[in-house]
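Protein chains: 4
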Amino acid sequence: MDKIRVTVWHEFRHERHDGSAKDTYPNGIHAVIKEFLDKNDDMDVRIVCLDDPDQGLPDELLNNTDVLLWWGHGFHWEVKDELVDKIVDRVYTGGMGFIGLHSAHHSKPFRKLLGCTGNLEWGDSIREVVWNLCPTHPIAEGIPKAFELECDELYSEPFFIPKPDDLIFGGWFEHGNIFRSGCTWTRGLGKIFYFQPGHEDCRSFYNPYVQKIITNAVRWAKPADVKVINKCPYSGEGFLKMAEPKYFD
Amino acid sequence: MDKIRVTVWHEFRHERHDGSAKDTYPNGIHAVIKEFLDKNDDMDVRIVCLDDPDQGLPDELLNNTDVLLWWGHGFHWEVKDELVDKIVDRVYTGGMGFIGLHSAHHSKPFRKLLGCTGNLEWGDSIREVVWNLCPTHPIAEGIPKAFELECDELYSEPFFIPKPDDLIFGGWFEHGNIFRSGCTWTRGLGKIFYFQPGHEDCRSFYNPYVQKIITNAVRWAKPADVKVINKCPYSGEGFLKMAEPKYFD
Amino acid sequence: MDKIRVTVWHEFRHERHDGSAKDTYPNGIHAVIKEFLDKNDDMDVRIVCLDDPDQGLPDELLNNTDVLLWWGHGFHWEVKDELVDKIVDRVYTGGMGFIGLHSAHHSKPFRKLLGCTGNLEWGDSIREVVWNLCPTHPIAEGIPKAFELECDELYSEPFFIPKPDDLIFGGWFEHGNIFRSGCTWTRGLGKIFYFQPGHEDCRSFYNPYVQKIITNAVRWAKPADVKVINKCPYSGEGFLKMAEPKYFD
Amino acid sequence: MDKIRVTVWHEFRHERHDGSAKDTYPNGIHAVIKEFLDKNDDMDVRIVCLDDPDQGLPDELLNNTDVLLWWGHGFHWEVKDELVDKIVDRVYTGGMGFIGLHSAHHSKPFRKLLGCTGNLEWGDSIREVVWNLCPTHPIAEGIPKAFELECDELYSEPFFIPKPDDLIFGGWFEHGNIFRSGCTWTRGLGKIFYFQPGHEDCRSFYNPYVQKIITNAVRWAKPADVKVINKCPYSGEGFLKMAEPKYFD
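Sequence lines, in order, name chains A, B, C and D.
When you line the first sequence up against my numbering, it's residues 1148 to 1396, in that order.
When you line the second sequence up against my numbering, it's residues 1148 to 1396, in that order.
When you line the third sequence up against my numbering, it's residues 1148 to 1396, in that order.
When you line the fourth sequence up against my numbering, it's residues 1148 to 1396, in that order.
Quick caveat, the hints were computed from the structure, so don't treat them as lab data.
Treat each hint with caution, since some may be false.
One copy or any two copies: either way a pair holds, since identical chains are not told apart in the list.
When the alpha-carbon atoms are kept at most 20 Å apart in a straight line, the in silico EDC-like pairs for lysine to aspartate or glutamate are as follows [said to hold, decoys possible]: (1) Lys1259 with Asp1232; (2) Lys1233 with Asp1213; (3) Lys1259 with Asp1312; (4) Lys1369 with Asp1313; (5) Lys1259 with Glu1229; (6) Lys1259 with Asp1228; (7) Lys1369 with Glu1288; (8) Lys1259 with Asp1236; (9) Lys1186 with Asp1149; (10) Lys1359 with Asp1313; (11) Lys1378 with Asp1271; (12) Lys1150 with Asp1188; (13) Lys1227 with Asp1201; (14) Lys1374 with Glu1288; (15) Lys1359 with Glu1295; (16) Lys1359 with Asp1372.
Next comes chain A alone, as it looks inside the complex (with noise of 0.2 Å):
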């Protein structure tokens, strides 16, 4: 079988400006999901920042990559709109999965993607605990009911984001909040989860289940064996014309 194309898009500011952040992942977050990606055989991953060329997704690896994750947090509005654009093309008519990390709910890809704000409150990070409400869902395999962050980012409800298709996890923040931590949607052709746990500096991508939840996302997100076409067949500008309807390929 063919190896499932991993690209993690990483803002990668914070850890090299930032102490804590810097202390907490010395080579970047990017490199820490890397690292435990890469000991799954089906995976090829790659890892890419804001600051490379092309801001880390030239059309050649983009359009070469079946799983997008993607980590921002304090520089979304510096990632282009025809990026964004091309990301969402390739997740509507390409199938690619997107999977949104903690701050990407306010990311572009994930706020056009699914047609929302993505917003929510928030506040210092806090210990949380993350329910499992979803334990049949590919996603949730292997994952107790329950797991434990020391800290991570308070992030609450009321959380501004389409109906989910399925919600996976739900967090519990000690200061009185919840949050829906681990949701699905899909979108065209493609799949999208959302998982919430991930500041810059907290462990939480150090977390055996937190690994585990990824990684497992991953493999559910991957295109689909699509037999079916996401494109009308005459459009543009202009009047739309006819299109003979047919019922077989």
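Using the hints, position chains B, C and D against chain A.
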């Protein structure tokens, strides 16, 4: 009780140029929609067109619209992105309802609101039977299990939309095709309904069940009395600042 | 408009025998529910108990109930299967709304209506915060983003219920647990709402937000004006006979 | 990897008595299903019938079944309630997959598992087109946008089922009817799929797409590797006892 402030936005090009559309809707589709909605004491209905100043939706009107109906077919690309952004924001954070009629599946506001291409397949107008799949939904109130339309434009699956919150109507077309003809979604504080019948040279908007469905949808889509704010406390460009998460308003 | 005919079914054992429950609800939980529902001009509220004749629900009453509220905790197994079958049929084919309160998650009607065990984990009463996850839903009307209950019985995920149509409220418990505290489903022609707060020795039913939610739920769950019949034309024992499928009523 | 232990339960009355069914499936529908499933190295397929001892499902077999396929049409009421309870428990708490074929919509296990009547309308066999509404779902793998069945029994909306987790296939019938022909649900630890084609005197089970769909569904419905227990810690008759809620296994 305050009246529902309804605005019917209409492309209004076909009926001015195209003989068949002109014969079917001499004063435009919007005039017919206004006529049947005006029979309801709880609605205040305004009609506007693409060729009006500000493309029909100056801020003053948009900000005083509770439910926006949208019919566009051949000139989607003329609608300005700035207007689309305002419409989307009014739905997400203002709670305005949006009802997409017929070819609005490809309109800019519909695609951006939901996050999808809205792609489908289509063909010549043909006999349709509309089935009621969710008889307890407020939008299906008073609708029998099925009703017939002498003809409407053939819209066919695969229809590339996000999974609907509720699938209320399903269309059967004589040619061998089916379609998810009536679907709801929620985005931010706003409600969205898509309804497929309504080609410019078919008489569907004169059908009493179509009129009943659109009337029901206006009532369903009006803004809820919401005590929750759909805004991030601090956002914008630059690092996100810390908000104090409080669970009381 | 006709009033909504509401029947509150209550186990009413704890408050008669248990000091703490008796102190909290001297006349029973049902009396408190009736008291706050009675403030609504559009409702006609009756209260009945497990130890009443016909276990509180003679046919005459059941067949004239629009919305049935159900509170049971320790004596679920005493409710007769024949009565459960009648309740389920009244929901499925008569469109009666069913509101399960607190431990009704394990009641016979709840399990049979939905098809589930209703299993969960639980513990001592403790501080709870109820979060509003679906602010545009009619049941959430007037509810802030969260409200606090001084204490309620700890109910925890994993909660084995069918995926809700809408997940409206989520509970945070001080001990480290979360719970899907307010959920809706549709079955046949009837609507179902489950709401978790309401232990017999906690004061949740005096909370104005809890009262508002239950009041909203009664209005939401009342039978819709349905033109569709939820009966097979010919069934029963023996071979199924042919029905002529017609799509007009 | 261990093989998926598949059991095909078949009513097997029609093909023994009815000329047309006998001609179509001389050895019974179950024999044809076994034949095409046997081509998969990852499946171990057993066939059983209503008239076998223990109605085909002794405990030993049921408890060693990963996925149960069920075809019944005219003799649903003969299946004993005790057997139905065992099947439901095996799905809810054991994670067994359940695939209901054709008239299984009215079978006792299907109704009890989901909580519904399964009512629908029907008519003579007629030409059907099956549409693929969810092309990225594992059950739709390798299925084109639509395929045709020369004839199958007309099943029509309104179909009284709980809202599906995923609506994968939709049926078009020449007579003017549509049907939600392929639907999934989750209950407890088990997955459920319903698929409409398969009347006893139509040749649908010989259709390669029907065979592919059922094959896909078996793989999808096999029990997940679940670390979560679907049992209340203490329950049964008598007051529920206190459990200590722990979020670590």
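Hints versus structure:
1. Lys1259 with Asp1232: Both: 8 Å inside a chain and 12 Å across chains, each within 20 Å.
2. Lys1233 with Asp1213: within (14 Å within a copy, 34 Å between copies)
3. Lys1259 with Asp1312: both (17 Å within a copy, 19 Å between copies)
4. Lys1369 with Asp1313: Result: close both inside a copy and across copies, 17 Å intra and 19 Å inter.
5. Lys1259 with Glu1229: This pair counts as both: shortest intra-copy Cα distance 12 Å, inter-copy 16 Å.
6. Lys1259 with Asp1228: both (10 Å within a copy, 14 Å between copies)
7. Lys1369 with Glu1288: Result: close both inside a copy and across copies, 16 Å intra and 13 Å inter.
8. Lys1259 with Asp1236: Answer is both: 11 Å inside a copy and 13 Å across each meet the 20 Å cutoff.
9. Lys1186 with Asp1149: Answer is within; shortest intra-copy Cα gap is 16 Å, inter-copy 23 Å.
10. Lys1359 with Asp1313: Close inside one copy (18 Å), not across copies (25 Å); limit 20 Å.
11. Lys1378 with Asp1271: Between copies only: 19 Å across chains, 44 Å inside a chain, cut-off 20 Å.
12. Lys1150 with Asp1188: within (8 Å within a copy, 22 Å between copies)
13. Lys1227 with Asp1201: Classified as within: same-chain Cα gap 9 Å, cross-chain 28 Å, threshold 20 Å.
14. Lys1374 with Glu1288: Intra 28 Å, inter 8 Å, cutoff 20 Å: inter-copy only.
15. Lys1359 with Glu1295: within (14 Å within a copy, 34 Å between copies)
16. Lys1359 with Asp1372: Answer is between: at 13 Å across copies they meet the 20 Å cutoff, but 24 Å inside does not.
This entry satisfies every hint, going by the numbered hints stated previously.
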